[in-house]
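Numbers 1 to 268, taken from UniProt numbering, label the letters of the sequence shown in order.
Just so you know, the hints here were simulated from the structure itself, not pulled from any lab data.
Computed from a predicted model, the values in this text were never measured in an experiment.
For every residue, glycine included, the Cβ atom is placed at its ideal position computed from N, Cα and C.
There's no promise every hint is true.
[To be verified] Label pairs and their in silico Cβ distance ranges: (1) D137 x K98: 25 to 35 Å; (2) A225 x I114: 32 to 42 Å; (3) L232 x W152: 18 to 28 Å.
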Amino acid sequence: GAASVSAAKAAAGGAAAGNKGGAALAGAQAEERLSAGSEASSALARPKEAHSDPRLVREYVDQLILPEVNEACMDLLTETHRLQEKMHLRDPVKAASKKRYVCGLREVLRALKINKAKALIVSHNIEKIEAADGLDDMMEKIIHMCTYGLVWKYDDEKKSSSQVEELREVPIPIVFAFPRRVLSRALKRSAKTSCVAILSCDGAEDEFKTMLRVSKVARERYAEADYPWRELPPSPRYLVMRQGASLQQAIDPLRLQATVRPIDHDDD
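Build the full structure now, drawing on both the sequences and the hints.
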């Protein structure tokens, strides 16, 4: 009897030690994941000295910033958000699995990697953060992946498949519009939003087509603009505030440097 009691105590002690060891291992793994997540998020964190200027237009914005483009993007985002909220109220599970759009640089990059994004709407005033894996690196990857997609290729020698980059037959359109604050307001988000990927335009096809059409014209007008510094490396520019009929309007400075034709709604 005494021997069996001792054996039971020893077994219980071993189990407790095992549980403690398992808990310690799980805790260490969780801490590692948290640390890795913190490091990744810190790279995208906004530095204290960063200043958000709504008039800033980054150097990679190869399109005129025009009211017509902003209006078309607002119409699409408003309708897409309405349809997604309607689906969420009707069937939350289905709404979660069939999102119409995603926000944030990481989510947008993920959508590009799995070839789900139909178009991107990107804020023109994302702060310049050149740290490794910072905002500039993320934007460079996103712009790159709009031209090059990931496809699965089978290697006969290795007898395995892997993802490789391949030039897309049709690039993913990138539309530049709004300061970050306005982009978040269009989706009723409290946090500032830098980028949105449209995953589905079902029910908002007209708004989607209009956005693509006016943004295409805005890119063409940008390419046509004969401004003095065209031969220099790309650099940021700043919207110019001009007094309109009833309020101030932000005007792309390239429209002041050259004769740029207005967008004609009949343009294709």
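Results of checking the hints against the structure:
1. Range check, D137 to K98: Cβ separation about 30 Å, and the 25 to 35 Å hint holds.
2. Restraint check, A225 to I114: a C-beta distance of roughly 36 Å satisfies the suggested window 32 to 42 Å.
3. A hinted range of 18 to 28 Å for the beta carbons of L232 and W152 is inconsistent with their spacing of about 41 Å.
This entry does not satisfy hint 3, going by the numbered hints stated previously; all others are met.
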